[in-house]
Amino acid sequence: MAETPAPLAAVQVEALVVMKIIKHCSQTFPSTATGALVGMDVDGTLEITNTFPFPVVEVPAESHFDNAAPNPAAAAPRAKANAAYSAEMIRMLREVNTDANNVGWYTSANMGNFVNMNVIENQFYYQSQLNERTVALVHDISRSAQGSLSLRAFRLSQKFMTAFKENKFTSEDLQKSNLRHPDIFEELPVKLHNSHLITSFIHQLQCPTSSASTELPSSLAALESSPFSKTSTLTPNLDNLSLSIDPFLEKNCDLLLDSIEAHNTEVNNYQYYQRVLGREQQKINAWKQKRAQENATRATLNQPLLPEDEWQRLFKLPAEPSRLDSMLNTRQVDQYSRQVDSFVSSSTGKMFAIKGNLLPNETSN
Amino acid sequence: MAEDSFLHLARPLGPVSVGTAPTTAPLNVVIQPQAVFSILDHSLRRNADQERVIGTLLGTRSEDGSEVEVRSAFAVGHSEAEDQVEVDMEYHKQMLALHLKANPREVLVGWYATASELNTFSALIQNFYSGQGDGTWPHPAVHLTVSTEAGKDLETRAYISAPVGVTAERAADSAAFIPVPYELRYGEADKSGLESIANAKDAEDRSATITSDIESLERAVEEVLSMVDRVARYVESVIDEETPASTAMGQFLLNALALAPKVEPADIERDFNNHIQDVLVVSYLANTVRTQMELSTRLATAQLTLGGGEGPATGEGNRQRGGKGGNQGGRQRQERTEEARA
Chain A
1 MAETPAPLAA VQVEALVVMK IIKHCSQTFP STATGALVGM DVDGTLEITN TFPFPVVEVP
61 AESHFDNAAP NPAAAAPRAK ANAAYSAEMI RMLREVNTDA NNVGWYTSAN MGNFVNMNVI
121 ENQFYYQSQL NERTVALVHD ISRSAQGSLS LRAFRLSQKF MTAFKENKFT SEDLQKSNLR
181 HPDIFEELPV KLHNSHLITS FIHQLQCPTS SASTELPSSL AALESSPFSK TSTLTPNLDN
241 LSLSIDPFLE KNCDLLLDSI EAHNTEVNNY QYYQRVLGRE QQKINAWKQK RAQENATRAT
301 LNQPLLPEDE WQRLFKLPAE PSRLDSMLNT RQVDQYSRQV DSFVSSSTGK MFAIKGNLLP
361 NETSN
Chain B
1 MAEDSFLHLA RPLGPVSVGT APTTAPLNVV IQPQAVFSIL DHSLRRNADQ ERVIGTLLGT
61 RSEDGSEVEV RSAFAVGHSE AEDQVEVDME YHKQMLALHL KANPREVLVG WYATASELNT
121 FSALIQNFYS GQGDGTWPHP AVHLTVSTEA GKDLETRAYI SAPVGVTAER AADSAAFIPV
181 PYELRYGEAD KSGLESIANA KDAEDRSATI TSDIESLERA VEEVLSMVDR VARYVESVID
241 EETPASTAMG QFLLNALALA PKVEPADIER DFNNHIQDVL VVSYLANTVR TQMELSTRLA
301 TAQLTLGGGE GPATGEGNRQ RGGKGGNQGG RQRQERTEEA RA
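Heads up: the protein sequence lines correspond to chains A and B, in order. Position one of the first sequence corresponds to residue 1 (UniProt numbering), numbered consecutively onward. Position one of the second sequence corresponds to residue 1 (UniProt numbering), numbered consecutively onward.
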C-alpha cells in the first residue's frame, strides 16, 4: 500500500448500506450479526456502497442469553468458510456493476459492548490479511432504538497492529511502546450519502399527496383514517422525546458491573503472577546463595567450581499475563461512560422540560 | 407512488394441478425500504445502453399466502434486444443460493424491473419466476415495477399474473398482469436509519453526518414546536372566523389535549427528584469507574521513578507491586462508593 499514502480520513456510507445493516442486525438481535462491506476508496474517503451479511450457523435459542457461549457469528468475518463466501459474493456483485472491493465488515452491538477480542481479531485479520484500508462499522441496535442512529466506523491504530502482531502486551512492552487504551481504535467520521434516486424517493415518501389545502374532514373517524394522521414523518424522529430512563440506566449499570468484575479478575490474575514471581525469585536467590557458599567452600578445598548459572534451567519464571484484556476492558468502560454521558445530557434536558411544563407554579398551564 | 385505482377482489387461478386446492384470496404486498433501496441502487448501476434492469425479490410469505413481504432484492443481469431477451439464469440461481445461505428464512417471492412498462419480455420473465421448479409455484410471483425515469416521480406498482394463451407456445410468452395493492412498511429499527437518511434529502451534496443524541433531540423539539404553532394558527383563524370550523378537527384536538396527564405537583416533584438523582448518580459512577480503571492501567504500565536508587531487577518488582497496591486501594474505594450508593 505504499503507493496510496493518504490515510483514510472519513467513511461515506450509502443509504442502501445503512438500511441493509439495520435490517440484518435487528433481525438477529440479540445475537451478534456480521457482514461484509464492499465499496471503493476515493482519496482517503472510503465509500461503502453495498453490503451483504455473512451466513451464520443457526444458534439454538437458549444460547442467546449466555454471552459466554462461543458465538459463531461474531467470529464469522475471519472464518475460512466465509472468506470463500465473500469472494464468491463479490465476484457475483461485480457482474452487476457493483463496486467490488472488500472494504471491511460490520457488526452489531448492544449498548456499545463492541470492544472485545472478536472485534479486534476480525479487524486485525482484515487489516493484516486482506487490505490495509478496511474499516469496521459498528451499528448499535439498542442505542438506535432510543432515537438517533448509531453507526460508527473504527480501525485499529498502526501502533496497536504492531503490538498485536508480535503479541507484546506485557507491562514492560507497554511501557516501551507507550500504548494505552485510547490508542486501540481510530474512529473515523461517518457520513451518510444518498443517490439522486433515493433522495427523490424520500421526498415522495414524505409527502404522499400534493401540498394543496385539503378539505376538512367530515367526522372524527374520517380524520383518524386519513393519511395525514398516520405517522408518515421520517424526520425528525419523535421517539427521541420519549422519556424512558430506567431501562437504559439499568442496562448500562449491568454492563459497567460486568466490566468491573472483569477488571477485578484481571487484577487478581496479575497479583497471582506477582506472588508466584516473588516466590520463584526468592527461591532463585536462595539457590544462588547456596551455590555461592558451596563454591566458596570448594575454592578453599581447591575443587573445581560448580557453574553459577544453572538456576536458569532449574527454575522457571512464570510468564507475565497479557495486559491486552485489561486494556480492552478499560477501553470498553470508557465507551460505556461516554455513552452514559451523552444519554444523561439529553435525558436531563427532557426531564427539566417535563417538570417545567407539568408544574403549574412558574409556567401557567 | 402510482395512483391507480383498481378493484382488488380475488386473485386469478393459476394452472391447477391435481391434489392442490388453489386459493383465490386477495394478495397483499408489503415492501420494506431495503428492497426499494436495492432496486434504486441497481437502477443507478445499469449499463449505459440498458433501458431497464431486472432482479430477484426475496422475502417472506404469510402462512395462508395472502401476504407477501418483500424484504430484499438482488440484481440479475439481462439483456434485451428487438426480438429476444436474455436473463442470466445461472447467475440468478447462484446468487439465490448464496443469499439463502445467509438469510435462511427468506424465500423467492418474485422479481422487479425498473420500468413501468409491461411487455412480452415481462411476461416471459414472469412465467419463469412463477413457474414450477425454480419459481414460486404454487404461489404467485410478485412483479414489482419501479419506474426510475429521470425528471419524473418514482412510480411503484405491484402485479401478479394469470396465465393466458390457447396453446402452450402462446402461454409461455404471455401473461395477464393483475395489479395488487402494496404498502411500504418500515419497522421500528428502520426508523432511526431512515431518519438519518432523510436528513440528507435537502442537502446539496446529498450527504449528512450522523447526529448525536442531543442534536436529534433538539430537532425533535423544534418539530413539535412548529406543529404546535401550526395548530395554534389554525385555531386562531377559526376563532377569528377566517377559516371554516370543523367539528371533527375540534374533537380531535380536544382528544389530543385530554392526553395531558393529570398528576399532583407533589408527585411530579417526587418522581422528578428520584429520577434525576438516578441519572446523575449513574453518570457520576460511570465516570468514576472510568477514572479508576484508567488510573489502574496507568499505574500498572507507567514508568514510576520513585525510589530510583534501587537496583534494576528488584526495583522492577517493587515498582510493580507498588502499582498494584495502588490499584487495589482504588478498587476498594470504588467498591465502597458503590455500596454507599446501593
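To be clear, the hints were calculated from the coordinates, so they are not data collected in a lab. Keep in mind that the hints are not guaranteed to be accurate.
As the list claims (entries may be wrong) - Taking lysine-lysine and the BS3-like style, the derived pairs with C-alpha atoms no more than 30 Å apart in a straight line are: (1) Lys80(A) to Lys165(A); (2) Lys355(A) to Lys262(B); (3) Lys191(A) to Lys350(A); (4) Lys251(A) to Lys152(B); (5) Lys80(A) to Lys93(B); (6) Lys93(B) to Lys152(B); (7) Lys80(A) to Lys176(A); (8) Lys251(A) to Lys355(A); (9) Lys191(B) to Lys201(B); (10) Lys290(A) to Lys316(A); (11) Lys191(B) to Lys101(B); (12) Lys290(A) to Lys168(A); (13) Lys350(A) to Lys191(B); (14) Lys191(B) to Lys355(A); (15) Lys350(A) to Lys262(B); (16) Lys288(A) to Lys251(A); (17) Lys93(B) to Lys191(A); (18) Lys176(A) to Lys283(A); (19) Lys251(A) to Lys350(A); (20) Lys168(A) to Lys80(A); (21) Lys201(B) to Lys350(A); (22) Lys262(B) to Lys80(A); (23) Lys191(A) to Lys262(B); (24) Lys80(A) to Lys201(B); (25) Lys283(A) to Lys191(A).
As the list claims (entries may be wrong) - To give an idea of the interface, some chain B residues facing chain A are shown, with a C-beta separation under 7 Å as derived from the structure: (26) Arg45; (27) Leu154; (28) Asp213; (29) Ala220; (30) Asn287; (31) Val289.
Bear in mind that the values here come from a model prediction, so they are computed numbers and not experimental data. Backbone N, C-alpha and C fix where the C-beta goes; we use that ideal spot for every residue, glycine too.
Results for each hint:
1. Lys80(A) to Lys165(A): Holds, because 20 Å separates the two Cα atoms, which is no more than 30 Å.
2. Lys355(A) to Lys262(B): Between Lys355(A) and Lys262(B) the Cα gap is close to 13 Å, so the pair holds against 30 Å.
3. Lys191(A) to Lys350(A): holds (27 Å)
4. Lys251(A) to Lys152(B): Given pair Lys251(A), Lys152(B) is violated - Cα atoms ~48 Å apart, limit 30 Å.
5. Lys80(A) to Lys93(B): Given that 30 Å is the threshold and the Cα spacing comes to 23 Å, the pair holds.
6. Lys93(B) to Lys152(B): Judged against 30 Å, a Cα distance of about 34 Å means the pair is violated.
7. Lys80(A) to Lys176(A): With a Cα-Cα distance of about 35 Å, the restraint between Lys80(A) and Lys176(A) is violated, given a limit of 30 Å.
8. Lys251(A) to Lys355(A): holds (25 Å)
9. Lys191(B) to Lys201(B): Measuring from Cα to Cα gives roughly 15 Å; hence the hint holds.
10. Lys290(A) to Lys316(A): Distance ~18 Å between Lys290(A) and Lys316(A) Cα, so the pair holds.
11. Lys191(B) to Lys101(B): This hinted pair holds, its Cα atoms lying about 27 Å apart.
12. Lys290(A) to Lys168(A): violated (35 Å)
13. Lys350(A) to Lys191(B): Holds - the C-alpha atoms of Lys191(B) and Lys350(A) are around 21 Å apart, at most 30 Å.
14. Lys191(B) to Lys355(A): holds (28 Å)
15. Lys350(A) to Lys262(B): Holds - the C-alpha atoms of Lys262(B) and Lys350(A) are around 19 Å apart, at most 30 Å.
16. Lys288(A) to Lys251(A): Roughly 55 Å between the alpha carbons, so the hint for Lys288(A) and Lys251(A) is violated.
17. Lys93(B) to Lys191(A): violated (35 Å)
18. Lys176(A) to Lys283(A): Answer holds: Lys176(A) to Lys283(A) is near 29 Å, not above 30 Å.
19. Lys251(A) to Lys350(A): holds (20 Å)
20. Lys168(A) to Lys80(A): holds (26 Å)
21. Lys201(B) to Lys350(A): holds (28 Å)
22. Lys262(B) to Lys80(A): The hint is violated at about 61 Å.
23. Lys191(A) to Lys262(B): violated (44 Å)
24. Lys80(A) to Lys201(B): violated (40 Å)
25. Lys283(A) to Lys191(A): violated (60 Å)
26. Arg45: holds (4 Å)
27. Leu154: At 5 Å from the nearest chain A Cβ, Leu154(B) passes the 7 Å test, so the hint holds.
28. Asp213: Interface hint status for Asp213(B): holds (5 Å vs cutoff 7 Å).
29. Ala220: At about 4 Å, which falls below the 7 Å cut-off, the nearest Cβ of chain A leaves the hint on Ala220(B) intact, so it holds.
30. Asn287: holds (5 Å)
31. Val289: holds (6 Å)
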